[in-house]
Amino acid sequence: MDFSGFNAAEQTHMARVIEKKQMQDFMRMYSSLVERCFTSCCNDFTSKALSSKEEQCMMNCADKFLKHSERVGARFAEQNAEAMNAMQK
Amino acid sequence: MDFSGFNAAEQTHMARVIEKKQMQDFMRMYSSLVERCFTSCCNDFTSKALSSKEEQCMMNCADKFLKHSERVGARFAEQNAEAMNAMQK
Amino acid sequence: MDFSGFNAAEQTHMARVIEKKQMQDFMRMYSSLVERCFTSCCNDFTSKALSSKEEQCMMNCADKFLKHSERVGARFAEQNAEAMNAMQK
Amino acid sequence: MSMFGIGGSSSPSSGNINSERMEMAMQELDMVTDIFNRIVSTCHNKCINTRYAEGDLNKGESVCIDRCVAKFFEANKKVGERLQSVGANAGAAGGGAFGL
Amino acid sequence: MSMFGIGGSSSPSSGNINSERMEMAMQELDMVTDIFNRIVSTCHNKCINTRYAEGDLNKGESVCIDRCVAKFFEANKKVGERLQSVGANAGAAGGGAFGL
Amino acid sequence: MSMFGIGGSSSPSSGNINSERMEMAMQELDMVTDIFNRIVSTCHNKCINTRYAEGDLNKGESVCIDRCVAKFFEANKKVGERLQSVGANAGAAGGGAFGL
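Protein chains in written order, with the working numbering: chain A, 1 to 89; chain B, 1 to 89; chain C, 1 to 89; chain D, 1 to 100; chain E, 1 to 100; chain F, 1 to 100.
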């Protein structure tokens with residue numbers, strides 16, 4: 001997105017809004033990660049404690065999810081830049 | 001819904017709020033349509049380009065989703081009207 | 001959560017915000033319950049009327065969902081209290 | 001006041017807008033929208049063939065949608081009656097979960 | 001200003017902020033975020049092995065993600081063009097459902 | 001006040017309400033609600049028999065719910081520790097996706 005047409009007050013305001021939004025998005029990403037990994041990794045409810053196998057699965061799942069999100073983010077930014085260039089032609 | 005008990009300022013305000021909401025709802029409907037159709041139509045990731053078969057599936061899915069939403073909307077309005085009539089008896 | 005550091009105006013404000021939020025959460029819980037139970041219980045669309053079997057299933061599902069939510073709520077509160085105690089040590 | 005920041009009864013910027021009433025109308029609008037979206041999604045899952053060989057609703061799908069919407073309304077009504085009869089104390093129970 | 005009807009151009013607290021423009025930027029930001037989150041979720045479902053035997057993306061998963069994102073963008077564009085060509089009157093139809 | 005931080009400490013209508021603090025409390029409340037709802041949904045999927053032959057939780061379901069909630073908390077805690085140890089730079093990475 002391009003905020004260069006905004007005046008100083010608007011840019012300041014927008015920066016605050018975006019900061020709040022990123023915090024909210026991060027929290028939502030975090031809880032969706034936990035839900036997704038828990039759903040995949042935890043299927044034994046004969047005990048309330050996380051088994052070492054379940055814990056390992058949760059850690060791998062969390063690591064992989066973060067790397068996945070980062071990679072999607074990088075591709076997304078590229079595609080977005082391409083789409084913007086195409087629009088300006 | 002019945003806004004006839006609202007004064008002019010409230011009706012104006014409500015109209016703006018509803019307009020905003022409809023825009024948001026439309027955007028959300030749009031992205032959920034893309035997600036749903038992509039999930040059904042695209043299962044081959046040996047290429048990054050949409051195949052003609054996948055594209056056809058996306059178009060049919062989008063068309064069908066819109067017709068489905070319209071039909072649900074029409075039935076929804078009827079059922080709502082019926083429910084309101086029943087309440088007034 | 002601990003709001004004891006809040007002044008009176010803040011506590012009043014927070015209480016109102018929480019009340020609104022609980023109403024919204026309740027409405028969302030309600031519609032997600034209906035969606036979930038409908039998805040499990042209603043699979044016959046040769047008729048538009050709810051069969052007595054489907055109705056019984058909906059009632060049991062709703063009752064069970066409420067009891068489930070209550071039980072999760074009770075355990076959630078305990079776990080939360082434990083986590084807070086652990087943090088203060 | 002509130003979640004959506006619309007003035008309060010004493011807010012200078014809200015003029016003669018009765019915020020309590022607006023807010024309730026907005027909550028009702030949110031509720032109706034939420035249910036509508038859930039019906040769209042649920043009845044799509046129940047009625048629409050995901051092969052997508054054509055872009056039109058066929059006869060079977062159309063009839064299924066009509067019945068699905070009617071049935072959803074009826075189911076929604078029954079659950080609403082049930083919740084009212086048990087005192088709808090689930091809301092309170094849910095709130096209690098946060099230890100507020 | 002805004003999305004939830006806070007103030008308007010005459011609101012004392014919004015100073016010289018052009019609220020229409022801010023609002024549109026915020027709506028665009030919401031839209032982009034929503035699509036990004038859907039791509040993360042959809043491409044995770046398509047590409048990631050849920051056995052979670054290791055914490056790194058393997059070669060196959062990485063390549064799949066790249067293609068999935070590119071394909072999603074293309075699919076999104078096609079659907080957008082389609083909706084514009086049919087007049088995007090679905091929004092109006094949806095709104096009509098609420099009998100407003 | 002509010003969700004998107006409009007108003008602020010200088011807003012006339014927020015009186016002596018410290019908006020930064022309120023906002024953080026509201027964000028925390030949203031977070032807790034979000035997690036609670038995810039536990040309700042996830043543990044329902046894990047523990048509740050969808051035949052719905054009766055309206056009460058049976059013994060097996062009740063025990064399963066208790067363990068599921070406890071396990072979810074533990075899993076949540078482990079993931080939180082992991083994210084803190086890797087510097088939680090995923091938030092920044094996600095934001096970067098929008099090219100802001």
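Everything labelled a hint here was simulated from the structure, so no lab data went into it. These numbers come from a predicted model, not from an experiment. Worth double-checking, as some hints may not be accurate.
SDA-like mimics (lysine to any residue), calculated; alpha carbons at most 20 Å apart, straight line [claimed, not checked]:
no.	chain 1	residue 1	chain 2	residue 2
1	C	K67	F	L29
2	C	K48	B	S31
3	A	K67	E	D56
4	E	K46	B	A83
If you want the footprint, here are the derived chain B segments under chain E, 3+ residues with CB under 8 Å [unchecked claim]:
no.	region
5	29 to 40
6	43 to 52
7	58 to 68
Glycine included, C-beta positions come from ideal geometry on N, C-alpha and C.
Against the structure, the hints come out as follows:
Among the hinted pairs, K67/C with L29/F is inconsistent with the structure: their alpha-carbon atoms are about 23 Å apart, more than 20 Å. Taken as a hint, the K48/C and S31/B pair is broken in the structure, with Cα atoms around 30 Å apart against an allowance of 20 Å. Only pairs whose Cα atoms come within 20 Å are accepted, and K67/A paired with D56/E is accepted, the gap being roughly 7 Å. Proximity of K46/E to A83/B is assessed by CA-CA distance (about 42 Å); at most 20 Å being required, the pair is judged violated.
With a threshold of 8 Å between beta carbons, the proposed coverage of the region 29 to 40 of chain B by chain E holds, since 10 of its residues qualify and at least three are required. Figure legend: the region 43 to 52 of chain B, annotated as covered by chain E; annotation consistent (7 residues with Cβ-Cβ distances under 8 Å, at least 3 required). Closer than 8 Å: that is the beta-carbon criterion, and the region 58 to 68 of chain B has 5 residues meeting it against chain E, so the requirement of 3 holds.
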